[in-house]
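Enquirer: Sequence:
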Amino acid sequence: MRYLLLLISYLLTLPCMAIELPDIGNSADAAMSPSEEQKLGEAFFRQIRRQAEVIDDIEVNNYINELGRQLVSYSDNPQQLFQFFVIKEDSINAFAVPGGFIGVHTGLILKTRDESELAS
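Residue 813 is where the sequence shown starts when you use this note's numbering, and the numbers rise one by one after that.
Bear in mind the hints are in silico, worked out from the structure with no lab data behind them. Don't take every hint at face value.
Keeping only pairs whose Cα atoms sit at most 16 Å apart, straight-line, the calculated EDC-like set for lysine to aspartate or glutamate is [to be verified]:
#1 K923 with D902
#2 K923 with E901
#3 K900 with D868
#4 K900 with E871
#5 K900 with E865
#6 K900 with D869
Please model the entire structure based on the sequences and the hints provided.
Expert: Have a look at this one:
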C-alpha cells in the first residue's frame, strides 16, 4: 500500500516537471540610463516634499551634505552628484533613490552617538 501511494504521488508530480518557466528577459536589459535615473529621483524628491517635512535649515543641510561628500569621495565614482536631505521623522532610517537622492531621518541623526556612527 505504501509503495502504491508513493507511485501515485510520483505520477501526479510528473506533469509539473514538464512545466517550463517563461522567458522574462534579462534584468540587465531593464537598466535605466543616468538621465532616466535623474528624472525618477527628481519625481520622487518632489513627492517626498509634498508628503513629508523636509528640513530647510541651512546649517543642517550643509552638515549632512558635507558628511555625504566625504563619504562619496571614497566611492567608485566620486564625481557622481548626490543630493542629501533631512526629513523630520523620529524613526531611525535613511534611504537612497535613483538619481543620487539620499534622505536621512532626524531620528537617525539624533540617536547616533557620533559622526562616524551616523556615516555608517
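Enquirer: Now look at each hint and say whether the structure bears it out.
Expert: Results of checking the hints against the structure:
1. K923 with D902: holds (9 Å)
2. K923 with E901: holds (12 Å)
3. K900 with D868: holds (10 Å)
4. K900 with E871: With a Cα-Cα distance of about 15 Å, the restraint between K900 and E871 holds, given a limit of 16 Å.
5. K900 with E865: holds (5 Å)
6. K900 with D869: holds (11 Å)
Of the numbered hints given earlier, the model fails none.
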